[in-house]
Amino acid sequence: MSYLLFQISFACYLLATAAYFYFFFKQDSLLRRIARGGFFVAAGLHTIYILVRYFEAGHTPITSIHETVSFFAWSIACCYLSFRWRYTVKNFGTFASLMVFILMLIASLASREIVPLPPNLQSWLLPVHASISIVGDAFLALAAIGGGMYLLQERELKQKRFGFLFSRLPSLEALDKLNNHCISIGFPLMTLGMVTGYIWARQIWGGQDWHWDSKIVWSMITWLLYAGLMHQRFVMGWRGRRASLMTIVAFCAVLLTFWFLLVGGHK
Amino acid sequence: MRSDTIVLLGVNHKKTPLAVREKLALTGGYEEPLERLRQIKGLNGYFLLSTCNRVEILFTCQQPEAMRIEVLDLLFAGKVTREEVRDSIYSYENEEAVQHLFMVSSSLDSMIVGESQILGQLKEAFRHASEQKTSCQVINKLLHKSFSVAKRVRTETQIGASAVSISYAAVELGRKIFGDLRGKRVMLVGAGEMAELAAEHLVGQGAADMIVANRTLERAMKLADRFNGRAVGLDELVEQLVNVDIIISSTGASDLILFKKEVSGAMRKRRGQPLFFIDIAVPRDLDPEINKLDNVFLYDIDDLNNVVEMNREQRDKEAVKARRIVEEESLKFNRWIDSQELTPTIKELRQTVDAICRTELARTLPRLNGISKKEQKSIERMASAIAGKILHNPMQYLKTDHPCVDQGERIAQVRSLFKLHEENCTLSQKSQTRDDE
Chain U
3 MSYLLFQISF ACYLLATAAY FYFFFKQDSL LRRIARGGFF VAAGLHTIYI LVRYFEAGHT
63 PITSIHETVS FFAWSIACCY LSFRWRYTVK NFGTFASLMV FILMLIASLA SREIVPLPPN
123 LQSWLLPVHA SISIVGDAFL ALAAIGGGMY LLQERELKQK RFGFLFSRLP SLEALDKLNN
183 HCISIGFPLM TLGMVTGYIW ARQIWGGQDW HWDSKIVWSM ITWLLYAGLM HQRFVMGWRG
243 RRASLMTIVA FCAVLLTFWF LLVGGHK
Chain H
8 MRSDTIVLLG VNHKKTPLAV REKLALTGGY EEPLERLRQI KGLNGYFLLS TCNRVEILFT
68 CQQPEAMRIE VLDLLFAGKV TREEVRDSIY SYENEEAVQH LFMVSSSLDS MIVGESQILG
128 QLKEAFRHAS EQKTSCQVIN KLLHKSFSVA KRVRTETQIG ASAVSISYAA VELGRKIFGD
188 LRGKRVMLVG AGEMAELAAE HLVGQGAADM IVANRTLERA MKLADRFNGR AVGLDELVEQ
248 LVNVDIIISS TGASDLILFK KEVSGAMRKR RGQPLFFIDI AVPRDLDPEI NKLDNVFLYD
308 IDDLNNVVEM NREQRDKEAV KARRIVEEES LKFNRWIDSQ ELTPTIKELR QTVDAICRTE
368 LARTLPRLNG ISKKEQKSIE RMASAIAGKI LHNPMQYLKT DHPCVDQGER IAQVRSLFKL
428 HEENCTLSQK SQTRDDE
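From first to last, the protein sequence lines are chains U and H.
In this note's numbering, each residue carries its 1-based index in the first sequence increased by 2.
In this note's numbering, each residue carries its 1-based index in the second sequence increased by 7.
Check each hint, because a few of them may be wrong.
[Stated by the list, open to error] Taking beta-carbon pairs under 7 Å as the criterion, some of the chain H residues facing chain U (in silico):
1) Lys183
2) Ile184
3) Glu203
4) Arg278
5) Phe304
6) Asp307
7) Asn313
Please keep in mind that the hints were generated in silico from the structure rather than gathered at the bench.
These numbers were taken from a predicted model, which means no experiment stands behind them.
Here a beta-carbon is modelled for each residue, glycine too, at the ideal position from N, C-alpha and C.
This is chain U alone, in the form it adopts within the complex (with noise of 0.2 Å):
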């Protein structure tokens, strides 16, 4: 039941992707429709995924890297849909649907076998800490894929070149308002994540030594960057390819972050 949800979510998630691409190119309105219908279904049908499986394993489904990535994408996909609601992004779906596709494949590429909870994991601060620093992260991802635009556009701006991609990218004031509004939404998120995190962590380990593991390194790492970057936009006035630049930058210590937490699990 549960698999079968997932594959045909993913499925829908596969035929937003194409027609959000073949719009970009053709700029056919129909097919704008049709991305964005595929994609709202694929994002209620994830949902429900889920939810499913939450039931089926017994706890929130956040800790295999198959649970983990598809969790991620699915907080894509809503934190899109979220800001969607409120104002758009000329083609910023083509390339959100993109990511999601591709953190689906990863998701359905790993094992989808239920692990029973470890000890250790089995606590309320879970769902919690977890939940709360993926939304976070996929704020950043959205702010992160937001910047690349600005950088590609700003480039066709720069070089005078308005070929192809000039009249199919937003405006640069639009990117700029998309990158402030998810790091100014994904960063609290990451802080209050990590906040969590180091309450679950006291609670786990008591009075024992701080574990310094690379996850542990490499979150600190990834949250001085962020405030870094949002010193530098909110006090300093950096704006535009410096501030996308260091979205861009940031969010490849988020990846990293994420790569040791599923590769070295959870402790």
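Use these hints to put chain H onto chain U, whose structure you have.
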């Protein structure tokens, strides 16, 4: 006697360099030259248009050759030599003149095709001509028609929307940088038609504030008035960079007036808010290095042309459509002109009356029983004789010169008395068959 010839003389930006155009432009307003043209006896009606890009002189007269020389001498003597005038001026007659005027009014002949300013200028010029009563029936009709042609072109084609213009490019680029131009502040550095048009377009898109910087403050204030903006001196340029978002520069300066270092200082004060520079001047006003700064975008006239190139195909289609409309309307107008001439009017008048005779005869003759062929012939002859007698005086009135009513007027009178309308001349064949039925 032949009816009047429509003559159009003019210079525009395509054929004549600015240096000559400047001398020919009627800078002192329309009143004085219009008044002076009254001295020339052969002109029936005339109209003048003068903008920065063109001077057009439209008149109707009997001897186009002689009048052309007289008009040019009167208007331009002392400003340029006769040879220069002859080399730079174009001259159209009748059909060509009509078509040219329609091209001008619908902005197909403009430097920036599709701009709407020309129509306003044309209307203003016509207001002067009609206030001073220098135009005649044909010119009135021609000008009114040219306004409606312009309107038709504007509504039926997209030529105004995607105008082949620097302004269009400026707006397009501005949109990609700022997203929305509403509330953006524009600074115009120097003056020139293209820069003003670009500024006007930006304001039309919602750009809020306008600052005009010029070497002479007086000119700046004049322009600022037009845009409800502020005037500043050219030496305040760098300080003002903090207050504006879009800068359009088109000074006549031979050297650069703004450098990277100055802009980079301003960017610090702006906290990275984007700046959009448009350099229309040739030679350039702004240091090309400025483009290398973060959040600063600089485009010179060639770059803007690249943007315009982007949708050339679409625009060409629109221009073809617009030209088709102009041709169509010129044909219609020429048909009207033709109908205003003596010979067709006489012919039509005959046809109309003959048609009436035939209808009435066809109705009466069958009712008369037992009349011979000969009697029938004489009734027919009587009918056409009555018609001929009735038409005699109107025909005479049309043909012979009248001391106080000119021929055009007389033709118009007779046409309206006998209800010979414009359509009648083209549909006369049709109406004839209708009468026969």
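Consistency of the hints with the structure:
no. : hint   : verdict
1   : Lys183 : holds (5 Å)
2   : Ile184 : holds (5 Å)
3   : Glu203 : violated (24 Å)
4   : Arg278 : holds (3 Å)
5   : Phe304 : holds (6 Å)
6   : Asp307 : violated (9 Å)
7   : Asn313 : holds (6 Å)
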